[in-house]
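Given only the sequences and the hints, what does the whole structure look like? Please build it.
Heads up: the sequence lines are chains A and B, in that order. Sequential numbering from 1 applies to the first sequence in our numbering. Sequential numbering from 1 applies to the second sequence in our numbering.
Treat the hints with care, as some may be off.
[What the hints assert, rightly or not] Some chain A residues near chain B, calculated using beta-carbon distances under 8 Å:
#1 TRP11
#2 THR133
#3 PHE181
#4 ARG182
#5 PRO206
#6 HIS288
#7 SER326
#8 MET346
#9 ALA347
#10 PRO383
#11 HIS387
#12 HIS390
#13 ARG392
#14 LEU400
#15 ALA410
#16 ARG411
These aren't lab readings, by the way, just hints derived from the structure by calculation. In this text, a Cβ means the ideal position worked out from N, Cα and C, and glycines have one as well.
2 protein chains.
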Amino acid sequence: MLAASPPSPVWNRRRNEKRRRIELASHLASGRILPTDQLTAALEILIAPGDRVVLEGNNQKQADFLSRSLARTNPARLHDLHMIIPSVGRPEHLDIFESGIARKLDFSFSGPQSLRIGQLLQDGCLEIGAIHTYVELYARLFVDLTPNVALVAAYQADRHGNLYTGPSTEDTPALVEATAFRDGIVIAQVNEIVDDPSELTRVDIPADWVDFVVLADRPFFIEPLFTRDPRLIKPVHVLMAMMAIRGIYERHQVQSLNHGLGFNTAAIELLLPTYGEQLGLKGKICRHWTLNPHPTLIPAIESGWVDSVHCFGGELGMEAYVAARSDVFFTGRDGSLRSNRAFCQMAGQYAVDMFIGSTLQMDGDGHSSTVTHGRLSGFGGAPNMGHDPHGRRHASPAWLDLIQTDSLLARGRKLVVQMVETFQGNGQPTIVESLDAVEVARNSGMPLAPVMIYGDDVSHVLTEEGIAYLYKAESLEQRRQMIAAVAGITPIGLRHDPASTAALRQAGLVALPEDLGIRRSEASRSLLAAKSMAELVSWSDGLYQPPARFRSW
Amino acid sequence: MLAASPPSPVWNRRRNEKRRRIELASHLASGRILPTDQLTAALEILIAPGDRVVLEGNNQKQADFLSRSLARTNPARLHDLHMIIPSVGRPEHLDIFESGIARKLDFSFSGPQSLRIGQLLQDGCLEIGAIHTYVELYARLFVDLTPNVALVAAYQADRHGNLYTGPSTEDTPALVEATAFRDGIVIAQVNEIVDDPSELTRVDIPADWVDFVVLADRPFFIEPLFTRDPRLIKPVHVLMAMMAIRGIYERHQVQSLNHGLGFNTAAIELLLPTYGEQLGLKGKICRHWTLNPHPTLIPAIESGWVDSVHCFGGELGMEAYVAARSDVFFTGRDGSLRSNRAFCQMAGQYAVDMFIGSTLQMDGDGHSSTVTHGRLSGFGGAPNMGHDPHGRRHASPAWLDLIQTDSLLARGRKLVVQMVETFQGNGQPTIVESLDAVEVARNSGMPLAPVMIYGDDVSHVLTEEGIAYLYKAESLEQRRQMIAAVAGITPIGLRHDPASTAALRQAGLVALPEDLGIRRSEASRSLLAAKSMAELVSWSDGLYQPPARFRSW
Numbered sequence: 001m002l003a004a005s006p007p008s009p010v011w012n013r014r015r016n017e018k019r020r021r022i023e024l025a026s027h028l029a030s031g032r033i034l035p036t037d038q039l040t041a042a043l044e045i046l047i048a049p050g051d052r053v054v055l056e057g058n059n060q061k062q063a064d065f066l067s068r069s070l071a072r073t074n075p076a077r078l079h080d081l082h083m084i085i086p087s088v089g090r091p092e093h094l095d096i097f098e099s100g101i102a103r104k105l106d107f108s109f110s111g112p113q114s115l116r117i118g119q120l121l122q123d124g125c126l127e128i129g130a131i132h133t134y135v136e137l138y139a140r141l142f143v144d145l146t147p148n149v150a151l152v153a154a155y156q157a158d159r160h161g162n163l164y165t166g167p168s169t170e171d172t173p174a175l176v177e178a179t180a181f182r183d184g185i186v187i188a189q190v191n192e193i194v195d196d197p198s199e200l201t202r203v204d205i206p207a208d209w210v211d212f213v214v215l216a217d218r219p220f221f222i223e224p225l226f227t228r229d230p231r232l233i234k235p236v237h238v239l240m241a242m243m244a245i246r247g248i249y250e251r252h253q254v255q256s257l258n259h260g261l262g263f264n265t266a267a268i269e270l271l272l273p274t275y276g277e278q279l280g281l282k283g284k285i286c287r288h289w290t291l292n293p294h295p296t297l298i299p300a301i302e303s304g305w306v307d308s309v310h311c312f313g314g315e316l317g318m319e320a321y322v323a324a325r326s327d328v329f330f331t332g333r334d335g336s337l338r339s340n341r342a343f344c345q346m347a348g349q350y351a352v353d354m355f356i357g358s359t360l361q362m363d364g365d366g367h368s369s370t371v372t373h374g375r376l377s378g379f380g381g382a383p384n385m386g387h388d389p390h391g392r393r394h395a396s397p398a399w400l401d402l403i404q405t406d407s408l409l410a411r412g413r414k415l416v417v418q419m420v421e422t423f424q425g426n427g428q429p430t431i432v433e434s435l436d437a438v439e440v441a442r443n444s445g446m447p448l449a450p451v452m453i454y455g456d457d458v459s460h461v462l463t464e465e466g467i468a469y470l471y472k473a474e475s476l477e478q479r480r481q482m483i484a485a486v487a488g489i490t491p492i493g494l495r496h497d498p499a500s501t502a503a504l505r506q507a508g509l510v511a512l513p514e515d516l517g518i519r520r521s522e523a524s525r526s527l528l529a530a531k532s533m534a535e536l537v538s539w540s541d542g543l544y545q546p547p548a549r550f551r552s553w
Numbered sequence: 001m002l003a004a005s006p007p008s009p010v011w012n013r014r015r016n017e018k019r020r021r022i023e024l025a026s027h028l029a030s031g032r033i034l035p036t037d038q039l040t041a042a043l044e045i046l047i048a049p050g051d052r053v054v055l056e057g058n059n060q061k062q063a064d065f066l067s068r069s070l071a072r073t074n075p076a077r078l079h080d081l082h083m084i085i086p087s088v089g090r091p092e093h094l095d096i097f098e099s100g101i102a103r104k105l106d107f108s109f110s111g112p113q114s115l116r117i118g119q120l121l122q123d124g125c126l127e128i129g130a131i132h133t134y135v136e137l138y139a140r141l142f143v144d145l146t147p148n149v150a151l152v153a154a155y156q157a158d159r160h161g162n163l164y165t166g167p168s169t170e171d172t173p174a175l176v177e178a179t180a181f182r183d184g185i186v187i188a189q190v191n192e193i194v195d196d197p198s199e200l201t202r203v204d205i206p207a208d209w210v211d212f213v214v215l216a217d218r219p220f221f222i223e224p225l226f227t228r229d230p231r232l233i234k235p236v237h238v239l240m241a242m243m244a245i246r247g248i249y250e251r252h253q254v255q256s257l258n259h260g261l262g263f264n265t266a267a268i269e270l271l272l273p274t275y276g277e278q279l280g281l282k283g284k285i286c287r288h289w290t291l292n293p294h295p296t297l298i299p300a301i302e303s304g305w306v307d308s309v310h311c312f313g314g315e316l317g318m319e320a321y322v323a324a325r326s327d328v329f330f331t332g333r334d335g336s337l338r339s340n341r342a343f344c345q346m347a348g349q350y351a352v353d354m355f356i357g358s359t360l361q362m363d364g365d366g367h368s369s370t371v372t373h374g375r376l377s378g379f380g381g382a383p384n385m386g387h388d389p390h391g392r393r394h395a396s397p398a399w400l401d402l403i404q405t406d407s408l409l410a411r412g413r414k415l416v417v418q419m420v421e422t423f424q425g426n427g428q429p430t431i432v433e434s435l436d437a438v439e440v441a442r443n444s445g446m447p448l449a450p451v452m453i454y455g456d457d458v459s460h461v462l463t464e465e466g467i468a469y470l471y472k473a474e475s476l477e478q479r480r481q482m483i484a485a486v487a488g489i490t491p492i493g494l495r496h497d498p499a500s501t502a503a504l505r506q507a508g509l510v511a512l513p514e515d516l517g518i519r520r521s522e523a524s525r526s527l528l529a530a531k532s533m534a535e536l537v538s539w540s541d542g543l544y545q546p547p548a549r550f551r552s553w
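Now the structure itself:
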């Protein structure tokens, strides 16, 4: 548990230190079970000042009993921790920096806490190690960020420490493996402890990798992050979805793909059984997916569009539906979903034809970022999937279709699609002269601007105006013209000479809806296979059970 | 277990089919244990014609009892299998194509069998799905290549099916997870079955993921692929290693890295405690490693150079040494190594500063390949690690050091170093006008040439002549000149005007040994920290136990 140090004849200092701490805490525990009311005291023994602690704050599930308990430890005993948190999502993740319990932070995503991270950084309460993508952060756990302690969450444990992480497995296996196999201490909070191993729903993580289990004061917090109410899908989303299906999915024969959580992609999912069916595309596109169990994918699944879905995490309310559709989803012998963010990100990077995402800002070169002033929101997983992986060697029709030369030394290319409205809901342009991220980097002394997706990795930009086929651009200047041609009345769009759009259309570099055989007047909500949460429930045969806040009945 | 099909009200066909087969085979089994002499009969029941079967042929360990038994099944019962084999290393991997048991092959690497794959392809006995890198192949198991059956190898099992994969965990977790959670059948051969779960060394794969265990007729085959006898390191390797340390490792402050299995990199490992020490570099470079437990790394470890090593797989003979150095290696609670190719490849891609590799052929643009006429040798893991991952967002000094602009919109770059002698041992030039891979692709109708590493991903080329700092090249033409400048008397080198080398050296684009303060006469084997296997054993305090064929005592 000590940091790197000069050579020494002792080669198992980490193991000895782990043993020492576990012995010190043994009077609090009953075997591997820590009593709920002793957790804070146990953390003060099992963690040491300066430790690297990986805390399971995920995109969705949160080891929040552990994080709340860590925040209650005595900063005189526990201080200067180096926290590694994939997703900084809860107030206590940052409270520990204010109190001095923690000092340094490595993370990937910080949606709701992004403003406060910026403030703490300015106030000198917090030092950033680095801002990562998810996969990159897991990778460093095996290299130079090996944790001394892992604090993770699971649904169930038995008294030996076997864990059931179930539908929301997410990041847990990666965090536990890196810690357990380098003599770190693994502590899991669970919603339930079963007495007999045979009562455990299934074993996702073997007891050999787990040191302590604690029954949480309440079930771990989990967020239905990927649920989009079809009621909020607007005609412009339908128009853009139609353009995507015709101008990208059909054109390049996209078989395998990832969708994020936007309303644009939700609209695509809901158009497959209607518009996609009319175009005769069933079985030809969108067969294999890497994404969470989106409720808006239910109509496409029920209509037979979907062969397989591998998930990063689960989605609240989708448990029974997923379990009843085991031909489509990855499930265990017990029937419940198996998710795994590390493998799903790997699949989203290397095994799929297309990534399609959205952004808050894109500049005229195609660089995009979700960082705005004062907010350090991080990267999440988008850059893993939203780039062209040069390490890929297998071909697929879509991948080959983007090659622009006859040379056998060319390589194919992943489709990386930016699907954005030219203006945000607040009236701010999406396509801008310069990313806020550049100024943020300059002001806060970052070595590089926090760019989510670089322009040279983007193959297509799709706006409500049209599609720019950037992979065909022969120069940076031409790429700029193509983006400007679909940038509407944003500053970048206004700089563009409309006369040149005709030439770009002629050359097949840009397509407007009419070039794709789409009439804007057809883009109506009536095309959506489900127009409300109730209709999604109905499609699912009553198996989907939306969280209360999504119910209007 | 059926392929994709039209919509149907039945959503658990895979699960039903799995149950059906397991029931059919139940009379052969005792619980989850298949008798050794019943394996072939069981495979004929548990596998169906046309199935996708993933077989653990790895870089090192081989599920060879399973593959030999599969080859003994009756082709009238079992035929047209679609085999997925990470590393095609054994004759029976291909025998099944000759006999008609298998038809289609997806793989990553095929060292010793590469010529025969080419012949079978020409004879029409074998159809290639695709040739992948390792990570890419695992990724597709979760997308469009989900297996119906997995055939894997482990050291031990208990009677429930819990597996100990131990020092040679390698690919097993990825293959099993993709199969077990999509209602595939997982069959593991083991060297030992223990009666009581408490006798199992440790649980690496939970019994919930495993359907059948069979005691193999003999321990699984394993190859000490990463053992390099220091006796075979030549002075030219020492020279190149000195250049690498001074001109690349020191210059860019390379902290974390991957080494492959060549004599060049073995020489670097053996120079760290001598030449590296003289340069005062200990603690400044080479602290974190992603590589197998190379015996030639022992002197550097013993001298305190190495903070951590995460491994793809194990290495025969290194078991006791690794177990005794748990501060450095990833080990389990039982003390033995934990390797994991999926995570180590991910770390090698995203978390390290540098990949350094070798190749059989490189062209004047820097493209390289190990494919030569008639051989389909595959990619292995080199392209995963030997490219600049555009999805990386965290900075390190080495990564930032390769930026050639002041723009905040630049990104850092991974060091991808090609370290090659200008001529191969057989007198053939390494640096060639055109890769054999191009002609192979043309002749066999491949859509693209099987390039191992593309020129635009290579940051440095190091030969016995000098180092070309390709990341500084401002044009393809300049990159060509730089490669030619270090290409010696190969055809590419002879095309180069020696006068321009001076200009390239002046501009810092190329460095000769003397530019790095290295005299060729200093490059002697006497600099090696160990000059023989016996000296490695001695460095290890007798813990390293080389396989018999490496022993001369």
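Hints versus structure:
no.: 1; hint: TRP11; verdict: holds (5 Å)
no.: 2; hint: THR133; verdict: holds (6 Å)
no.: 3; hint: PHE181; verdict: holds (4 Å)
no.: 4; hint: ARG182; verdict: holds (5 Å)
no.: 5; hint: PRO206; verdict: holds (4 Å)
no.: 6; hint: HIS288; verdict: holds (5 Å)
no.: 7; hint: SER326; verdict: holds (5 Å)
no.: 8; hint: MET346; verdict: holds (5 Å)
no.: 9; hint: ALA347; verdict: holds (4 Å)
no.: 10; hint: PRO383; verdict: holds (5 Å)
no.: 11; hint: HIS387; verdict: holds (4 Å)
no.: 12; hint: HIS390; verdict: holds (4 Å)
no.: 13; hint: ARG392; verdict: holds (6 Å)
no.: 14; hint: LEU400; verdict: holds (6 Å)
no.: 15; hint: ALA410; verdict: holds (7 Å)
no.: 16; hint: ARG411; verdict: holds (6 Å)
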